[in-house]
Amino acid sequence: MLREVVYCGVCSFPPEYCEFSGKLKRCKIWLQENHAELFEKLYSGEDAEVEGVTGKLAESSIGEKREEKLEKDLLKMQAKEENREQRELAKKLSSKIIIKREARTKRKSVVAISGLEVFEIDMKKLAKTFASKFATGCSVSKNAEKKEEIVIQGDVMGEVENYLHSILAEKGLKDVKVEVVDGAAKKKKKPEGA
Amino acid sequence: MFRKFAKEDVHSRSNVKSSVQRSLKSKLVSQYPKLEDVIDELIPKKSQVELIKCEDKIQLYSVDGEILFFQKFAELIPTLKLVHKFPDAYPTVQVDRGAIKFVLSGANIMCPGLTSPGASLPEAPGYEKDSVVVINAENKESALAIGKLMMSTEEIKSINKGHGVEMIHHLSDPLWHFNLD
Ligand SMILES: [Zn+2]
Numbered sequence: 376m377l378r379e380v381v382y383c384g385v386c387s388f389p390p391e392y393c394e395f396s397g398k399l400k401r402c403k404i405w406l407q408e409n410h411a412e413l414f415e416k417l418y419s420g421e422d423a424e425v426e427g428v429t430g431k432l433a434e435s436s437i438g439e440k441r442e443e444k445l446e447k448d449l450l451k452m453q454a455k456e457e458n459r460e461q462r463e464l465a466k467k468l469s470s471k472i473i474i475k476r477e478a479r480t481k482r483k484s485v486v487a488i489s490g491l492e493v494f495e496i497d498m499k500k501l502a503k504t505f506a507s508k509f510a511t512g513c514s515v516s517k518n519a520e521k522k523e524e525i526v527i528q529g530d531v532m533g534e535v536e537n538y539l540h541s542i543l544a545e546k547g548l549k550d551v552k553v554e555v556v557d558g559a560a561k562k563k564k565k566p567e568g569a
Numbered sequence: 024m025f026r027k028f029a030k031e032d033v034h035s036r037s038n039v040k041s042s043v044q045r046s047l048k049s050k051l052v053s054q055y056p057k058l059e060d061v062i063d064e065l066i067p068k069k070s071q072v073e074l075i076k077c078e079d080k081i082q083l084y085s086v087d088g089e090i091l092f093f094q095k096f097a098e099l100i101p102t103l104k105l106v107h108k109f110p111d112a113y114p115t116v117q118v119d120r121g122a123i124k125f126v127l128s129g130a131n132i133m134c135p136g137l138t139s140p141g142a143s144l145p146e147a148p149g150y151e152k153d154s155v156v157v158i159n160a161e162n163k164e165s166a167l168a169i170g171k172l173m174m175s176t177e178e179i180k181s182i183n184k185g186h187g188v189e190m191i192h193h194l195s196d197p198l199w200h201f202n203l204d
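Residue numbers (the numbering used here), protein chains in the order written: chain E, 376 to 569; chain U, 24 to 204.
So here's chain U without its partners, still in its complex pose (with noise of 0.2 angstroms):
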């Protein structure tokens, strides 16, 4: 989604108003219930919440300069910056050792990354497709990308060949690089 993003996609920017603030907070918790004990952390009402409308139909959201999430439609997806300072509060996969490499250079995944030993899919009923997903790695603390699922976590078990997860977001893209002013 950002392997080509740039300053130049970039239309518009404007702060929000504390309505605004308000309601994207509550969405954020109703999205991701576990955000709920830390939204005000990450969100401090005195924060200024910008929105920053780009090419592609992309929002991008930052709280004092940070950007924390963002959206494309009306979902509205975490930043790996976010994940990191609260990582508990998402769907989330886990890719084996050798895949990190691949995922760094915002490949797709494929499925034997995601079902291999050092690898970790949810127990069933797991996720359904196209829901958005945290992208571990084996014997790593921190995420490394974040991804929608091309096929339901049960179904990568089963069929376990092809693309498993289409890329996002991740370590090293240009929305990872990009720096507000």
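Just chain E, same shape as in the assembly (with noise of 0.2 angstroms):
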């Protein structure tokens, strides 16, 4: 018999190494929501608050001082990591994705989207995805700046920028700002300022 393995949705190990992940705090947040009879044996009953380092794992050979230190040394990394993830946090909030459309010919347009390397989206993925979604063409390139964006076939854009938010809604990103240029409105004209 094959037996069935959890593995943690936030830091992917056992949960019994969560402690080890420098995420435990959301970590034990994820097992007690996914999976409670786990989490009540990990953590055990009388700790059940989310707050606590250690609870039943601390048992162990190594003595109290180095228990003590490993305590430490894990509270350290945990703090760490939780600096780290703020300042990506921050990183993803201040900057912005860029849609834009543009003529192809006087019919037809495409939808470039940029801006999205720092959001961990895979974008080979994302690019399926619309391809099959608006049954049209669609890949990743490097524009002008080398950077990678995805360009679709297509007048798409209020389609594709819906479907954006949604992602990052479900990310718990949706205060990121999504802009939208059209450079295949027409042309006013004379252009501003001339």
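Keep in mind the hints are simulated off the structure, nothing from the lab. Each hint should be verified, as a subset may be incorrect.
[Unchecked claim] Computed list of lysine to any residue pairs in SDA-like fashion (alpha-carbon distance at most 25 angstroms, straight line):
id, chain 1, residue 1, chain 2, residue 2
1, E, K447, U, N159
2, E, K451, U, H200
3, E, K500, E, K481
Quantities reported herein were computed from a predicted structural model and do not represent experimental measurements.
Each of the two chains sits in its own frame; use the hints to bring them together as a complex.
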């Protein structure tokens, strides 16, 4: 018989190793929500609150002194990880995604999406999703700034915008700016400021 | 072995024929006899086994998209995903709680971390030098790494200093996080 293994949805480890992931706070919340019985087993009833780093896990052979130091180290690691995550979040929130429509011919246009790289979105996968969703050609290519962007054939700017907002919302990043640039709109006869 | 492994290191991917699949299964069983009972569950006849050839002559084998074992030389080595599914089939050593952090950072394992009260080594005659071993940890049920003995387990006990196990694969290394699609 093969064992059914649960892997932590936050740090990917078997949950008994979450204490070493630097993400224990979030790991515990995940485990409590998704595998309550395992949560009970690992962190034991009396210590079921999510704040504490150690529960039953601390029973070990290495002696109080080393255990204390280990706990200190683990707490330090966690603080470091949390700082890193916060920095990354700040970076994500301060960057923006640009959806740009460009005219190809009089009737046809393409939509290019750039600025996705900081969001841990698999662009190739997303391109495939768009291709099947809109039944059109879609690819990942490098733009003039040598950054990767997704290029979709066809006039699907509105749909793309909605879809991106839904992905961002899923990632808890609904405050990220999505800028829409319409390069295919009919041009005014006189450019502004001229 | 997978310290710097990345998608770019994949050279080619190909589905293996059913004859190759059969010979891989019998090779796994001959290396790890206890796998015999579960081999058809691990690699069902209808499953798709894929060979992923990588930089440095490393070959990964996936079963229905999950990498279950790999090889660099003749020997097939299980990934942690495989070990977790069926832990009882491999030579195994145990580190104490104090060593876990270092193992997870990818370091080779020092002998004292294998001989202290929380650790565990097999009784004599134990395992030979160069054996591939699964690494468990004190108070944990699942393995956290796979390594290769740099000296026999009896030597680890008697010498008890320096490196005892060379790291091959551990939780959180690039192979652990490697995603095929
Ligand atoms: Zn976790």
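Hint-by-hint comparison with the structure:
no.: 1; hint: E/K447 / U/N159; in the structure: holds (23 angstroms)
no.: 2; hint: E/K451 / U/H200; in the structure: holds (24 angstroms)
no.: 3; hint: E/K500 / E/K481; in the structure: violated (30 angstroms)
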